[in-house]
Amino acid sequence: MKMVKRAFVAGVALLGGASPAMAAWSDINLRVGVTELSRDIHGLHMLILWICVAIAVAVFGVMIYSIATFRKSKGAVPATFDHNTKAEVIWTVIPVIILVAMAIPAARTLVKIDDTRGSELTVKVTGYQWKWQYEYVGEGVSFFSTLARTSDEARQLDSGIDPSSVENYLLEVDNPLVVPQGRKVRVLITANDVIHAWWVPDFGMKKDAIPGYINELWFRADEPGTYRGQCAELCGRDHGFMPVVVVVKPQAEYDAWLAEQKAARQAAAAPVAQAAALAPTVDQAATIRVANAE
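All residue numbers for the sequence shown refer to our numbering, where the first residue is -5 and numbers rise by one.
Everything labelled a hint here was simulated from the structure, so no lab data went into it.
Pairwise CB distance ranges (calculated):
| # | residue 1 | residue 2 | range |
| --- | --- | --- | --- |
| 1 | Leu104 | Glu129 | 23 to 33 angstroms |
| 2 | Pro218 | Met40 | 25 to 35 angstroms |
| 3 | Ile61 | Asn186 | 52 to 62 angstroms |
| 4 | Ala73 | Ile189 | 48 to 58 angstroms |
| 5 | Asn162 | Ser136 | 22 to 32 angstroms |
| 6 | Thr110 | His39 | 15 to 25 angstroms |
| 7 | Val105 | Arg177 | 20 to 30 angstroms |
| 8 | Ala73 | Met96 | 30 to 40 angstroms |
| 9 | Asn186 | Ala250 | 27 to 37 angstroms |
| 10 | Val105 | Val83 | 24 to 34 angstroms |
| 11 | Phe54 | Arg177 | 40 to 50 angstroms |
Quick list of in silico lysine to aspartate or glutamate cross-link-like pairs, DMTMM-like style, CA-CA up to 25 angstroms:
| # | residue 1 | residue 2 |
| --- | --- | --- |
| 12 | Lys243 | Glu210 |
| 13 | Lys178 | Glu30 |
| 14 | Lys118 | Glu217 |
| 15 | Lys200 | Asp232 |
Since the structure is predicted, the reported quantities are computational estimates derived from the model, not experimental observations. For glycine and all other residues, C-beta sits at the position ideal for the given N, C-alpha and C.
The task is simple: from the sequences and hints, build the whole structure.
Here it is as structure tokens:
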């Protein structure tokens, strides 16, 4: 028993004094994130984790104590009773209470994750091999988002470019998704070819993009900034080269960006519409040919 105590104290001291170990733990744990849902999910995760740790400490503590104390070398003899009704009731009721206590916040969070009511912006996301298409529903804005040229050049065989010299290597795109800060964004997710998955760790959300099926999620980013993710479903040869980048802007900057996108698309569509209006129809062309023949 003394050896166990010494090992436990030594382990605590080692972890307490090892900052790299603590840093590594923070890297593998869930992120708190920048959205309402990510914080709720992180809080639920930590609650369940510490409940499980407390149960493990209690159970293994009793086991170790019993093994060390009631052993044959100390004169312990086997128990002679068959069962104890009171003990059986206790070890049945306590786990039920614990499970119910865990289920209530878990169910509350799961319901909240699927509640897309009150969304202020809807974006349709379509996965392709190997890029994303973003369509702002009702706004007339749509574009593709592909791996940034700098990362694409560096990943080529014999490119001579050191990937570590490229900022945000494999995590940068040419056209990021832009959303307003503090607004509830509903995301409709589908795919055009194979199954993909749209994932942004700082939002605490990931959903599969399935051909012929529409999944949905929502988020509300409280802090402006650039948040990066990736396709999280093995989707083919270039699966590792279709990152997700979301830029969160203050409302005024987002409105200016959206107006700029609409103006650019109207300007690009104007020559096409003008050419279509000036182009003769089939009947007009036939009439012109007949007139010229005469």
